[in-house]
Amino acid sequence: MQPIISVRNLTKTYRNGFDALKGVDLDIMEGEILALLGPNGAGKTTLISIVCGIVNASGGSVTVGGHDIARDWRAARSLIGLVPQEMHVDAFETVWASVSFSRGLFGKKRDDAKVEQVLSDLSLHDKRNEKIINLSGGMKRRVMIAKALVHEPRILFLDEPTAGVDVELRKSMWELIRRLNRSGVTIILTTHYIEEAEEIAERVGVINHGELVLVEAKEALMRKMGEKVLTVELREPLAAVPATLSRYKLSLGGDGTTLAYSYDVNAGRTGISALLSDLRSEGIAMRDISTRQNSLEQIFVNLVRRDAQKEAAQ
Amino acid sequence: MNLTAIHAIYRFEMARWWRTFWQSIVSPVLSTSLYFVVFGAAIGSRMEDIGGVSYGAFIVPGLIMMTMITQAIAVGSFGIYFPKFVGTIYELLSAPVSPMELVVGYVGAAATKAVALGLLILATAALFVPIQIAHPVFMLAFLALTAVTFSLFGFIIGIWADNFERLQLIPMLVVMPLVFLGGAFYSTDMLPPFWRAVSHFNPVLYLVSGFRWSFYEHADVAVGFSLAAIGAFLAACLVAIWVIFRTGWRIKK
Ligand SMILES: Nc1ncnc2c1ncn2[C@@H]1O[C@H](COP(=O)(O)OP(=O)(O)O)[C@@H](O)[C@H]1O
Ligand SMILES: [Mg+2]
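First to last, the protein sequences are chains V and E. Okay, so the first sequence: first residue is 295 according to our numbering, each after it adds one. Okay, so the second sequence: first residue is 43 according to our numbering, each after it adds one.
In case anyone wonders, no lab produced these hints; they're calculated from the structure. Quick caveat, the model's predicted, so the values are computed rather than measured. We put the CB at the ideal spot given by N, CA and C, even for glycine. Accuracy of the hints is not assured; some may be wrong.
Said to hold, decoys possible - Quick look at which bits of chain E chain V covers, simulated, 3 or more residues with Cβ under 8 angstroms:
#: 1; stretch: 117-130
#: 2; stretch: 137-151
#: 3; stretch: 178-191
Starting from the given sequences, assemble the full structure and let the hints guide the process.
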């Protein structure tokens, strides 16, 4: 697959001297769903804003569909639709006027059928002659999505699309994103909710303090970073972990009825079989065993913590 | 050139104008017409003719200029300030639209509105006072040049302003006095020599004088000066806007 967006050594220093991006490299593949995950203030919006032409970069380069965003900005921007984080709408315009304006602005010739279709896709069709100020928050957000889609972009940026959005809309948003993605649109969304990245994305980029900590396919990331936890349910409760098993760093839970053992999937020896046979020779009877993979959340916390330790060490 | 975008912006702005019909069309025409009623019909009959023109008719060109200048600045500045204020500017910045295309769309719409207002006021004035237009082509040229120049000036103010107070600052403190003292209500011949000399530093005087000449062939300064003055101001605004967009000043972070 070809990268549709290439970001090279991108830096941004705001006028007050703050370094919001410190040399980001990122390739975004055509047709993928990429989540940019990071805490508030990590630099997600800054990164997106530079790619979309709203903020000027301080250094580095970006190409979109092979077009440099500085030199060949017109071609680059034509490919992109942006749904910004903040709610910005033409309050006194009708839904129809605002959405068809966006199509014209992006140089696409008037096509009422297309506008109708986008509005229908977002369940806005019966509100098309309504002034935007009269719509609910969720509907306003859908108007913003409609504005971003009506010029038929190949790439869609969604900056924190589910901030302040109810469960119902969130669900229909994921559906819409998948549907768009199936039709070939590359999707980049930012979030600071790990569950969101986990639910929708194929690849996840983790941003912290203006640096891209890593980018991985979601499964690979979870596997690679994934500590697994083996939980053993016991027939008889234990008062304490026997001293002979101390090398396994077991933790006793469930009022002494479960033993939890953390191991690294990627380690050559996970120690599982040794643990199980030691349990048996201790005469500890097992009722059940299960394993659980770390969620992206734990992975993320680990990464950021490691980052902070690295910083402290410097 | 993204002509479709220019057209989209222009249409969007014109639609807003129609939607606020009473405030943006009826109100300026009505308030300017009150001058004709007061000065043309009521007081005008007691005033001497100026250069062979009745006072009521004499003030018409200046009043049209006054309204056009203030409206062009107001509309031109608001058109670009508003997206900045509510945040919808993100869309203008992320669109494949060049700064000059933005300017053509917004300033074009503002200038169209100003010209339309100017003509509406002229038509209204003709109901109250006798009007004659000696040089219609010059008249329209002054109308169009003034509308474009001050819409562009307004656009620059709209980009510069980062709050509503600043948006009003220059129109209220600088433009309003200049326009009021721009010779709409009198000929500079009527002033004492000192004030006559001072008034020649007022750029609006050149516009009013040239515009009035195209009606009655009565001018305070030579028509060539009037054209040069408006041309110079237009050029200054164009340079300013070029610099603003080159540097991304106050628009991009
Ligand atoms: N215009 C600005 N001037 C100065 N600092 C800014 C500006 N915009 C954002 N920042 C700072 O840059 C950092 C990254 O911001 P942002 O990209 O919005 O983060 P995120 O979207 O990941 O929450 C934050 O610390 C923020 O305070
Ligand atoms: Mg953000």
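Structure-based check of each hint:
1. 117-130: holds (count 3)
2. 137-151: It holds, with 4 qualifying residues against the three required.
3. 178-191: Since 0 is below three, the answer is violated.
Consistency with the previously given hints fails for number 3 only.
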